[in-house]
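Position chain C relative to chain H; hints supplied.
There are 2 protein chains.
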Amino acid sequence: MTHSANAYSRAGVNLDAADAAKRAMREAIRATHGPQVLGAMGGFGGLFALDTSGLREPVLVSSIDGVGTKLKVAFSLNRHETVGADLVNHCVNDILVCGARPLFFLDYLALGAMDADQATAVVRGVAAACREAGCALIGGETAAMPGFYSPGEYDLAGCIVGLAERDRLVSGENIRAGDVVIGLPSLGLHTNGYSLARAVFAEADLSAPVPELGRSLGDELLQPHRSYLREALPLAEAGLVTGMAHITGGGLVDNPPRVLPDGLAVRLDAATWEVLPIFRLIQRQGNIFWDEMERVFNLGLGFLIFCRPEHETQVLAGTATAGGRRVGEVTPLAPDAGARVVIEGIA
Amino acid sequence: MTHSANAYSRAGVNLDAADAAKRAMREAIRATHGPQVLGAMGGFGGLFALDTSGLREPVLVSSIDGVGTKLKVAFSLNRHETVGADLVNHCVNDILVCGARPLFFLDYLALGAMDADQATAVVRGVAAACREAGCALIGGETAAMPGFYSPGEYDLAGCIVGLAERDRLVSGENIRAGDVVIGLPSLGLHTNGYSLARAVFAEADLSAPVPELGRSLGDELLQPHRSYLREALPLAEAGLVTGMAHITGGGLVDNPPRVLPDGLAVRLDAATWEVLPIFRLIQRQGNIFWDEMERVFNLGLGFLIFCRPEHETQVLAGTATAGGRRVGEVTPLAPDAGARVVIEGIA
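Sequences listed follow chains H and C, in order. Residue numbering for the first sequence is 1 to 347, as defined by the working numbering. Residue numbering for the second sequence is 1 to 347, as defined by the working numbering.
There is no bait here: all hints are sound.
For identical chains, the list gives no copy identity; a pair is met inside one copy or between any two copies.
Computed cross-link-like contacts, DMTMM-like style, restricted to lysine to aspartate or glutamate with a CA-CA straight-line distance of at most 25 Å:
1) K72 with D205
2) K72 with D115
3) K72 with D219
4) K72 with E153
5) K72 with E212
6) K72 with E292
Keep in mind that the hints were calculated from the coordinates and are not lab data.
This is chain H alone, in the form it adopts within the complex (with noise of 0.2 Å):
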């Protein structure tokens, strides 16, 4: 844990100012604290004392990832407390599409020039999504690299570790022609697609009303990456579910076949979900052909879950809270298909 005195003091911010940052960064991360996190902050390594009590066969859950170019975003706009979350639930996440319940989380903020106003937001809305997932903050790097990015600039990125018990495990092998896919809708870009999206609005003004929106595009941008643990994970203990896909990098068409066996393809509806007005724009705006869009952004869904027909209405009443609806299902590929992932009825 490096969110620490040393960064501060090398990077010749004041010293008070600092030290408010510091203790409100540090108030933020404790307040993820549970009693499985051992020993005092500023050691060399997070402790997590791992209570596998209940489980035969414990397996760690891990994924790494960063933000993307959704930051220049956040700096266009000055707005720093909304990253967090996006970074956080990104990772939580991916470890849920193998049913992993979050344990802890450490995060790498590397700055051009340290700023303790800006790393403290960041840093809080890194522990507040922490919170959230139910998961400790238990290490951090905070590293001033002048010459790497432009003042006032940083890249974020976060690891996550999560526990399953290994029979309980989801890889999506038990998928089968048949199962209905229930889609959970996302609340905007969540953290991909954003330099296509930063090419088509190049010129635009990111505070500016947009009716169609209902808020300014700098708004409709910075709307955070959405968690799904809260609906998915109950419903993946409960064996309720053959496979989930998280969509990101890739977009609705790339990240399904990540989970799905050989010889099997999706059918999606469009007309069961709302393709967000932001994916709509922006594809009048690019004039982007509909195959870019779907290979790209998550058009409205943030996940999917498969499952068997029969637990259809019950996965469904588990999601509701998140909107879940049946938007498809899985089928045999044809020999012929282009792709594994056909949409239907959106352009």
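Below, chain C without anything else, positioned relative to chain H:
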């Protein structure tokens, strides 16, 4: 694990080259996998079957870190094979301080532009160091982030997770006055002090041989961060050490206090180890006070082990392969002491 097709195809690189690179990367990653690594690469989360047999109270010990501005030296020399060892060994040593054995690692590589050869060189270096540490590389993210990094440049961070028995955790709390300090030599700057070193050598030719160093400045500055796992872990597991300190940011003066109980200080005798020529060169050329040198650099000692005097012989024997030697002792902290680490005879 997104060291995968997606990242490459989206970046629009030559597909044949990317495929070859991906294969090379995958082979290196797979070589770190033992039977505890479950599932295929390319899933959403890395899976590690945890074996806690023989442990009464397993504790996970974790750390996240970057390589820092040492990367700029790698960019200057276009050499990307060694930064992986810097990253991994730094993390290995951080959790080693707590007495933890590495289980697995995940890396985050963010590039200005996707360059398959460069990414492969970096990730192979990460994988080789993981293999050396008996640590599985179970996840990674390779992100092309144009606009964040200059073409040909990147940032690299990583996260390690290790395991320890709770009542064998080493915290330093049992260190007491009279304990002996065993120092393990560093190979150079490791990963700290590069912003200062690069400022000092801003005008220097990195390729020209420097007689005083026995190699070029570039070779010297890229000397890898050394791992002390092989020597220190068996001693910790045998209960022979009272504390350990990894000499990273904050140098020889600010790191020992991270594990030293209140009221204690450390006295080091600079005549007992070699203050490597690179540090004398930096000090002379930059006209830097030794006080500052001591707070920025490891000055030739990468790792300290604290032990009782009656265990000194065993600890020296156990660290002989790494060049361990007695470099000082723990003393009571004098009431008017300015620093908790005093280095005698260095100037």
